[in-house]
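Enquirer: Residues per chain, in single letters:
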Amino acid sequence: MSLAARLRSREGALALIIAVLAGAVALRAPTFLSPHNILVVLTDTSFLFILALGQTGVLLTRGIDLSVAANLALTGMIVALTAHALPGMPIVAVIALALLVGLGLGLINGFVVAAIGVPPIVTTLGTLTIYRGTIFAIAGGRWLTQSDMSAAFLGFPKATVLGVPALLWVAVIVAAAMTVFLTGTRTGRAIYAVGGNPVAAHYCGIRIARVQVLVYAISGALAGLCGYLWVARYGIAYVEIAIGYELTVIAACVIGGVSIAGGAGSVAGALLGALFLGVIVDALPVIDVSPFWQTALSGAVILAAIVVNARADRAGGKIILPEARRALRAGAR
Amino acid sequence: MNAPPPVVAERYRVADRAPHRPADLLLRWESVLVLLLAAAIVVNTLISPHFLNVYNLSDATADFSEQAIIALPMALLILVREIDLSVSAIIALASLAIGLCSRAGEPAWLLVAAALAVGALCGAVNGALVAVVRLPSIVVTIGTMSLFRGIAQVALGDKAITGYSNAFQSIGQGAVLDWPPLPASFVLFLLLSLVFGIALHRTRYGRALYAIGSNPVAARFSGLPVDRARFLLFVLSGLLSGLAGALLTARIGSTRPNIALGWELTVVTMVVLGGFSIAGGEGTIPGLVLAVFLLGTVTWGLSLVNIPAVEISVLVGALMIVAIALPILLRRLTRHWRPETAAPLRSRSIGNDDVPVSNRDFPDPEGASTRDQ
Numbered sequence: 129m130s131l132a133a134r135l136r137s138r139e140g141a142l143a144l145i146i147a148v149l150a151g152a153v154a155l156r157a158p159t160f161l162s163p164h165n166i167l168v169v170l171t172d173t174s175f176l177f178i179l180a181l182g183q184t185g186v187l188l189t190r191g192i193d194l195s196v197a198a199n200l201a202l203t204g205m206i207v208a209l210t211a212h213a214l215p216g217m218p219i220v221a222v223i224a225l226a227l228l229v230g231l232g233l234g235l236i237n238g239f240v241v242a243a244i245g246v247p248p249i250v251t252t253l254g255t256l257t258i259y260r261g262t263i264f265a266i267a268g269g270r271w272l273t274q275s276d277m278s279a280a281f282l283g284f285p286k287a288t289v290l291g292v293p294a295l296l297w298v299a300v301i302v303a304a305a306m307t308v309f310l311t312g313t314r315t316g317r318a319i320y321a322v323g324g325n326p327v328a329a330h331y332c333g334i335r336i337a338r339v340q341v342l343v344y345a346i347s348g349a350l351a352g353l354c355g356y357l358w359v360a361r362y363g364i365a366y367v368e369i370a371i372g373y374e375l376t377v378i379a380a381c382v383i384g385g386v387s388i389a390g391g392a393g394s395v396a397g398a399l400l401g402a403l404f405l406g407v408i409v410d411a412l413p414v415i416d417v418s419p420f421w422q423t424a425l426s427g428a429v430i431l432a433a434i435v436v437n438a439r440a441d442r443a444g445g446k447i448i449l450p451e452a453r454r455a456l457r458a459g460a461r
Numbered sequence: 548m549n550a551p552p553p554v555v556a557e558r559y560r561v562a563d564r565a566p567h568r569p570a571d572l573l574l575r576w577e578s579v580l581v582l583l584l585a586a587a588i589v590v591n592t593l594i595s596p597h598f599l600n601v602y603n604l605s606d607a608t609a610d611f612s613e614q615a616i617i618a619l620p621m622a623l624l625i626l627v628r629e630i631d632l633s634v635s636a637i638i639a640l641a642s643l644a645i646g647l648c649s650r651a652g653e654p655a656w657l658l659v660a661a662a663l664a665v666g667a668l669c670g671a672v673n674g675a676l677v678a679v680v681r682l683p684s685i686v687v688t689i690g691t692m693s694l695f696r697g698i699a700q701v702a703l704g705d706k707a708i709t710g711y712s713n714a715f716q717s718i719g720q721g722a723v724l725d726w727p728p729l730p731a732s733f734v735l736f737l738l739l740s741l742v743f744g745i746a747l748h749r750t751r752y753g754r755a756l757y758a759i760g761s762n763p764v765a766a767r768f769s770g771l772p773v774d775r776a777r778f779l780l781f782v783l784s785g786l787l788s789g790l791a792g793a794l795l796t797a798r799i800g801s802t803r804p805n806i807a808l809g810w811e812l813t814v815v816t817m818v819v820l821g822g823f824s825i826a827g828g829e830g831t832i833p834g835l836v837l838a839v840f841l842l843g844t845v846t847w848g849l850s851l852v853n854i855p856a857v858e859i860s861v862l863v864g865a866l867m868i869v870a871i872a873l874p875i876l877l878r879r880l881t882r883h884w885r886p887e888t889a890a891p892l893r894s895r896s897i898g899n900d901d902v903p904v905s906n907r908d909f910p911d912p913e914g915a916s917t918r919d920q
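As they're listed, the protein sequences go chains A and B. In this note's numbering, each residue carries its 1-based index in the first sequence increased by 128. In this note's numbering, each residue carries its 1-based index in the second sequence increased by 547.
Some clues are possibly wrong.
Claimed, not checked - Covered by chain B, per the in silico footprint, the following chain A stretches (three or more residues, Cβ under 8 Å):
1. 248-259
2. 411-424
Unchecked claim - To be clear about the criterion: a stretch of chain B counts as covered by chain A if any three or more of its residues have a C-beta under 8 Å from a C-beta of chain A, and this derived list gives those stretches:
3. 673-682
4. 694-700
5. 810-823
6. 865-872
Note that these hints are calculated values from the structure, not bench results. Every residue gets a Cβ at the ideal spot worked out from N, C-alpha and C, and that includes glycine.
Construct the entire structure; sequences and hints are all you get.
Expert: Right, here's the structure in full:
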């Protein structure tokens, strides 16, 4: 793909906008683009990267997972309580527990959506309130703070490998795995097929219910993983952590061009959408804008992004195969 | 021996309304809600001696009447396959408008008018983005939700506006009559649900909404102004959110940036529990009113026995999922012994190979193909 073609693509355009935005911020505060600060921004955005990737899989199948933030908070609390009760727990076991609990919560969503047939928005709206309430039930409104957590438990997300925090490494690994999975495996392509045209996918022999369970399971497991990382990074677990974050996650996907109508979207898009929101959040204090502007600005950005994306959608159809895309460009020229 | 009825003639005759059978009445969703409501009242009366106290009951209605008022337009939006997640943010913005007018020393009626105007304006923004720019409503309203609440946050910072006049606060705190001491918000909800019920079930505008929700393309080709209806419903949703914002601000007597946070989810829960299908074209206002009372009774009863609100929400979430799942499971069971209903048009059980899949099962959330041309 030529550079011009790359820039014309949605991901390319978004990357360009992010670069311009970061450049503009750097004009006022040159330290914003220092290698150290770039690393800080990327690390701050890691949760959004990971959760947006999980959400992308769900959105691709025409579903939606509103329960991710509640899953994150519940898993975070369960992991924190377990680690508090078993101080000698190795960090690998903690991570495995977080993945398993998150996976279980995701499987509940997947089962209700795929096997029973409750619409995804209703299912995950219901599990959102159930998961949040369960935190209160198991913790009794208690707050777990740094003093309740071991040094190893708190240290993992901040531990650096090659100068990069483990939290960011986790996001990188998840992104690489999702790229390979969505573009390079049969099941990954089936996810696109289910969202693109469920009826056609069904007649192609794709088991739609299995694909649906899978995407909610992935989204749940990643939310669970973020649950541990979140609690360890901020050193606190209580009922309301990450409240309302599910909408930020969906916003990141939408800005990145993942269609809420299913079947269209890419890992790169979701990552860039998350990065865009991350840059805004971290840039505001740098350019002395009150943090109270954050919510209003991200709302305006979401609206601008969907208007732009909708225009791009209308210009052409949903072409997801790279070969077909190339053929179209060759034909256009 | 009865000969099998001739089916050829039936094929081209579509009944406007299905024939009534006594059994059908019991199978209606509203009947299930009535039974659940009765059970909730009985259980509440048994577990708490304070439940059947008129003063307690009228007090309890204030807690959910404001949400219930927004549930009415939300039900119509969901009926036509749209959704408005920005309602609670509109409340915040309406409350801000009230606060600013109050600081300027305006009279109480103008505060309410300001809230209504701001609400309708916000609704018009949503409506224009959905019906004119043609964007999916779920994404639009996630965006405007951040935008509207963000504006309130920018204006308020971490401060609150208080010190409302008694004339204004009495709108939210006073009772309409001496006995029963019903709050104004509850009386307004009852009146509005009557208006909505008549409009939806007894006028051609209501029929048009069912037509749009069942099949927007067919509705458009039948000459119905689909986009205009969408736009007006969003304005209505904004207007009534503004009204709810005025009632809530008057009741709690302050404007804070996080006012009514998360209400949109409770409101959607009410609507879905009331029998409105997220896929559109289904649901009734009596069902919605029953669901509002059911949720109100359950929440109030549990809080009387000191169960914290967070734990009640677990029950409400579970209630919603079970309420939607149960009819689907029952339909699947009954399909085997009622062959005349064996081929439902809206089968969702795509896991079985013997059941045809319909695109209706996967409504296109962008509705790209259904816009007015």
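Enquirer: Determine which of the earlier numbered hints do not hold for this structure and return their numbers in increasing order.
Expert: none
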